[in-house]
Amino acid sequence: MTDDSFTDDSFTDDSKGEPVHQGYLDDVSTAFADYDVLGAFWVNIQLTVYAGLIALVLGTVLAVMRISPVPSLRWAGTTYVTLLRNTPLTIIIVGCVLGLWGQLGVSLGTGFQQNFFRLAVLGLAVYHAAFVCEALRSGVNTVPTGQAEAARAIGLNFGQVAGLVILPQAFRGAVAPLGNVLIALVKNSTVAAAGSVAEASVLMKEMIENRPDIILTIFVVFALGFVVLVVPIGLATTSLSRRLAVAR
Amino acid sequence: MSQLLFDAPGPRARRRMVWVNVAATVAVVGIGVWVLARLADKGQLDADLWTPFLEPDTWLDYLLPGLRSTLEAAAISIVTAAIFGLVLGLGRLSRSRTVRSVSGVIVEFFRAVPVLLMMIFFYMGLPRLDVVDAADVPLVAVVLGLTFYNGSVFAELVRSGVHNLPRGQREAALAIGLRRGQSLRSVEVPQALIAMLPAIASQLVVILKDTALGYIITYPDLLNSARLVGTGNGNILQALVVAALMFIVINYGLTRLASLLARRLGTRTAGETRAAPPPLAISTKG
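The listed protein sequences correspond, in order, to chains A and B.
If you read the first sequence in this note's numbering, its first letter stands for residue 18, the second for the next number, and so on.
If you read the second sequence in this note's numbering, its first letter stands for residue 7, the second for the next number, and so on.
A few chain B positions that, by computed beta-carbon distances, are all more than 10 Å from chain A:
hint	residue
1	Trp-40
2	Leu-42
3	Leu-51
4	Trp-65
5	Arg-185
6	Val-193
7	Leu-234
8	Leu-271
9	Gly-272
10	Thr-275
Computed spacing ranges between beta-carbons, pair by pair:
hint	chain 1	residue 1	chain 2	residue 2	range
11	B	Glu-78	A	Glu-226	26 to 34 Å
12	B	Ile-89	A	Gly-128	42 to 50 Å
13	B	Val-24	A	Ala-262	36 to 44 Å
14	A	Gly-176	B	Tyr-258	27 to 35 Å
15	B	Gly-272	A	Glu-226	47 to 55 Å
16	A	Ile-171	B	Val-28	25 to 33 Å
17	A	Arg-260	B	Asp-142	46 to 54 Å
18	B	Gly-272	A	Ala-262	25 to 33 Å
19	A	Gly-119	B	Pro-17	49 to 57 Å
20	A	Pro-249	B	Ser-107	15 to 23 Å
21	B	Arg-103	A	Asp-51	41 to 49 Å
22	A	Ile-171	B	Arg-106	47 to 55 Å
23	B	Glu-177	A	Val-45	52 to 60 Å
24	A	Phe-49	B	Arg-186	43 to 51 Å
Since the hints were derived computationally from the structure, they do not count as laboratory data.
Heads up, the beta-carbon is just placed ideally off N, CA and C, and yes, glycines get one too.
Take the sequences, apply the hints, and build the full model.
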């Protein structure tokens, strides 16, 4: 993007050749017209959805491992959560791109863009799976022991106790903490910038570089974009968790 | 440990569990061995990729200075965030509706905005204001980003800490003639703060991890120095693993400290001490 495109249009009227003062709002709207802000946020939403689905599956598996009667599976689940939860997400994503792809040559797609996107999804997913696991465990803790005891008493085995009795209730009890993980995931999708994915924070940086005069407006617009994404999730999960809570 | 889904096993279940356990161990170890074998195939376990981390120069010139910057940013941030959070938290408990709602909006805004976005904004905006030395801009940007986000989390902790105190605390304070503000200052908030301490220790883990975002805005943190080591020796993967392990050790220690604090401080406050990190969700309650 070149600088002359807007300085010419904004401050001079070509037909008369006289400088014309243009309002700040017009100035801002011409600046935003040059960039695909919604497209950048769409990348964040896609990162969130794909990573969220993978993290949900992986996190559920980890949670089942951690409540299972098999010591080695419990150990493996606990180790995974301890390691991933305490590693900065930035290291994981840089590791995916520079380590997995750059050094090991692992490629998850064709073309740089798709490959970086999928590597970032991988990094986001393995990191947030640890938090999904913890959220589900806190959901399991809301299920009274009597439920498991009754399920055992009528002769269900571990898989049936977990799959038919405990987990369905645990998911309902875990809606609020899972919502928190989702909110964190939306915000953390910006960290994909460390993996060369062109998402909202990268676009914001680029826009500020080109239009430093309206830096505050640019920041507020992007920040409000995230508020618009995050607040409905918060409100929805709060009301869902109330509606779905098992009455005890 | 949750003993929820199974009860004390009998002899048959114990036998079965031994077999399942052996099978699961084989599977887990198998995956580990397979990964290591693949890495060895690619020469990633070769000694020359790992020996740089046995040399003192790697540590003295890169990793330790990086760790120092990381800890420095985290230490400053925890203090500024605690102050910011205390002020906003008291604002949310204020009797004035305006102060309450303004503090509420500030808290919700900063909790919804990604820390990285704030860091980039400060990183690019500070040089225009010309208030900090150009060399300090990345550090200040990291600290400001962490302060606003974590301060808002602390504000919520202060508020929920006060709300979670038994009502008798305030009633007793009012009964002996304290005004509401006095009761808040000298009875409720101190206890809420003690109840908060374990959660603050947990939040320290979050702050420490988030300093790594400084990597994106050129702050010379541990991740950046690990990358330098990696680019110099062609062992980025190994350097990142070492940096990650350093983070894991420190954060694991902090998590243990948090649960220790939660147990120790339980008797010093009428509130509930929890080691769990504070929740992030947008709350609808004013």
